[in-house]
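Number of protein chains: 2
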Amino acid sequence: MKDLRLSLIGFGVVGQGLAELLVKKRTLLEERFGLHVTLVSVANARHGFIYRAEGLDIPLLLELASQQQPLTRHPNVQYWASALDGLRATGGDVLAEVTGTNLRDAEPGISHIRVALTQGMHVVTANKGPLALAGQELLTLAHQQHVQLRMESTVMAGTPVISTLTEGMAGARVRSVRGILNGTTNYILSAMAAGRDYAEVLAEAQAQGYAEADPTADVEGFDALAKTLILAAVGFGHTLKPEQVYRKGITTISGEQMRQAMNEGKRIKLVASLHAVSAFGESPLEARVEPLALPLSDPLARVDGVMNAITFQMDTLSEVTVIGPGAGRLQTGQGLLSDLLAIAQA
Amino acid sequence: MKDLRLSLIGFGVVGQGLAELLVKKRTLLEERFGLHVTLVSVANARHGFIYRAEGLDIPLLLELASQQQPLTRHPNVQYWASALDGLRATGGDVLAEVTGTNLRDAEPGISHIRVALTQGMHVVTANKGPLALAGQELLTLAHQQHVQLRMESTVMAGTPVISTLTEGMAGARVRSVRGILNGTTNYILSAMAAGRDYAEVLAEAQAQGYAEADPTADVEGFDALAKTLILAAVGFGHTLKPEQVYRKGITTISGEQMRQAMNEGKRIKLVASLHAVSAFGESPLEARVEPLALPLSDPLARVDGVMNAITFQMDTLSEVTVIGPGAGRLQTGQGLLSDLLAIAQA
Chain L
1 MKDLRLSLIG FGVVGQGLAE LLVKKRTLLE ERFGLHVTLV SVANARHGFI YRAEGLDIPL
61 LLELASQQQP LTRHPNVQYW ASALDGLRAT GGDVLAEVTG TNLRDAEPGI SHIRVALTQG
121 MHVVTANKGP LALAGQELLT LAHQQHVQLR MESTVMAGTP VISTLTEGMA GARVRSVRGI
181 LNGTTNYILS AMAAGRDYAE VLAEAQAQGY AEADPTADVE GFDALAKTLI LAAVGFGHTL
241 KPEQVYRKGI TTISGEQMRQ AMNEGKRIKL VASLHAVSAF GESPLEARVE PLALPLSDPL
301 ARVDGVMNAI TFQMDTLSEV TVIGPGAGRL QTGQGLLSDL LAIAQA
Chain A
1 MKDLRLSLIG FGVVGQGLAE LLVKKRTLLE ERFGLHVTLV SVANARHGFI YRAEGLDIPL
61 LLELASQQQP LTRHPNVQYW ASALDGLRAT GGDVLAEVTG TNLRDAEPGI SHIRVALTQG
121 MHVVTANKGP LALAGQELLT LAHQQHVQLR MESTVMAGTP VISTLTEGMA GARVRSVRGI
181 LNGTTNYILS AMAAGRDYAE VLAEAQAQGY AEADPTADVE GFDALAKTLI LAAVGFGHTL
241 KPEQVYRKGI TTISGEQMRQ AMNEGKRIKL VASLHAVSAF GESPLEARVE PLALPLSDPL
301 ARVDGVMNAI TFQMDTLSEV TVIGPGAGRL QTGQGLLSDL LAIAQA
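Quick mapping for you: the protein sequence lines, in order, are chains L and A.
For the first sequence, the working numbering assigns the number 1 to the initial residue and increments by one for each residue that follows.
For the second sequence, the working numbering assigns the number 1 to the initial residue and increments by one for each residue that follows.
Same shape as in the complex, but just chain L:
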């Protein structure tokens, strides 16, 4: 039995989803993968960082979180007010960094990841900011430190996208990528295709928890843009700045435009794309996030609701498409879990 000492920074929906899977999947991990995961530390922004060398009681942590009680009520723990200080003082084999995405400066996640990699820890993350803004820097640091930095859940949650690109199709070269990478906008566009009104559907999506109170990050395409930057770093080995991506959201799509697309046998989708281009421009990559009317023969056209999808053009495989959930507590936890298993088996 291999023991893996895990530090979990971020204990919101995603962190709790991973914690829940570690409990539910404990027997499977031990019997099928010969792996025992010991959660040695947990942090969230409100309650700081707690550590227990013998391992924390995950069901108790989930119970405390569900009751909005401080994690520090866990008995027999050491405590640091700062996650960064706690991580530096205690370490572990793997950091799961699942604090919230920040596309301005990627903090606090990027500092957590840098510290972990620097002290020789592997990192798994669902946080889009660090990989979107500094993907190549962090991947290079991981490479120098001989550790893994894995990020399956940053794009389409646990639906295998990053691992498909880097491992499932290892040795193939990607020529272009096109994807529906944001569930909220796809939910809204699918409902609009059924004849409904943008404002009405947005309000409904907010009521159901599919859209944030401030929906800007989704409907203006910033979330899809962040995922596009991650795919540029991972798939093409190229760092793009956010302003190098053409971005147009879905807020100005009219009912008339939806009807016209339908009449032409097409569907309007918010499409994120990356294309390798000849090296005359300032970047070898063209990157765009924009609504496009897709013919029904396009595998992306019929991906509806909160499902996401991505199509890769590969030199040796023509076109490969992956369709699956793009968000969700357990779905995102699953991506972190598969990353943990990849690290444990390397």
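Incorrect hints may have been included.
As the list claims (entries may be wrong) - Keeping only pairs whose Cα atoms sit at most 27 angstroms apart, straight-line, the calculated DSS-like set for lysine-lysine is:
(1) A:K248 - A:K266
(2) L:K266 - L:K248
(3) A:K2 - A:K24
(4) L:K266 - A:K266
(5) L:K24 - L:K2
(6) L:K2 - A:K2
No lab work stands behind these hints, which were simulated from the structure alone.
Since the structure of chain L is provided, determine the placement of chain A on it from the hints.
Coordinates of chain A only, in the frame set by chain L:
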């Protein structure tokens, strides 16, 4: 730089496809993966097994094959009439077993694989017979020998299916699988959906090389059945016998049935499926290969021509679908290449 000594048994379309990729991708493998592959032996049924410790000249082998000349014209090689004898005498790090599929007794592939595993070699294979008829036995043997047995190309060529199931979604449990796993029948059914006649389309597919002169293995569902058996072993850890799979081919589908499905907004596809069932029957798995009329909301319904697709129901990911090429020289070679890279990086 890591050196990997490769033995290649089978030098038809698939073996030549892998050899061609090893030449084309040589720089990529060295620079991105730090891997140098030395092809130490090659065998085909007509010309026997040749070995050269310093490595064979792959372009020369491809040239000899294209001119239908014996591989033994390669200079400075040792020769065995039997691939099995040659493999036993020489070894290597990895066997690529790509002889033709035989669903009666899986020979000669199964003997090649058993010998390689027994002498501590990893195995990558595109040969469906051994994994379909003895998947669990061979996977257990590999496990006991602490080597890998990988088979990406047995299902949907290099489109990542096996690795998606076992690695990309590691830790998730599969509940059911449904797939379009045979390109020939999908090509025929797609053309029939466009109003054409079965016999006419079959003749055209044969002329274009999509269908064999004897199309039985494809049109009667035996090829899809073999892939279903492999998915049962890999995804569910369960060995099914061919006769435990309900099988119906596409030869009796009438133009009238196609038209009726179209009128109902459906498409007829040859669907292979596996469902976990409660353990009252004689098998915990229900396995079927049969033509089904699928509604257009089904992600499999619009997969046309020689493209293949597979949908997994997973406990933590709801539904994940992968669409991609299901055959082809380089596409199949790509699956073997990604398997080789997985072994080299473990």
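Status of each hint after checking the structure:
{"no.": "1", "hint": "A:K248 - A:K266", "verdict": "holds (19 angstroms)"}
{"no.": "2", "hint": "L:K266 - L:K248", "verdict": "holds (19 angstroms)"}
{"no.": "3", "hint": "A:K2 - A:K24", "verdict": "holds (18 angstroms)"}
{"no.": "4", "hint": "L:K266 - A:K266", "verdict": "holds (18 angstroms)"}
{"no.": "5", "hint": "L:K24 - L:K2", "verdict": "holds (18 angstroms)"}
{"no.": "6", "hint": "L:K2 - A:K2", "verdict": "holds (26 angstroms)"}
Of the numbered hints given earlier, the model fails none.
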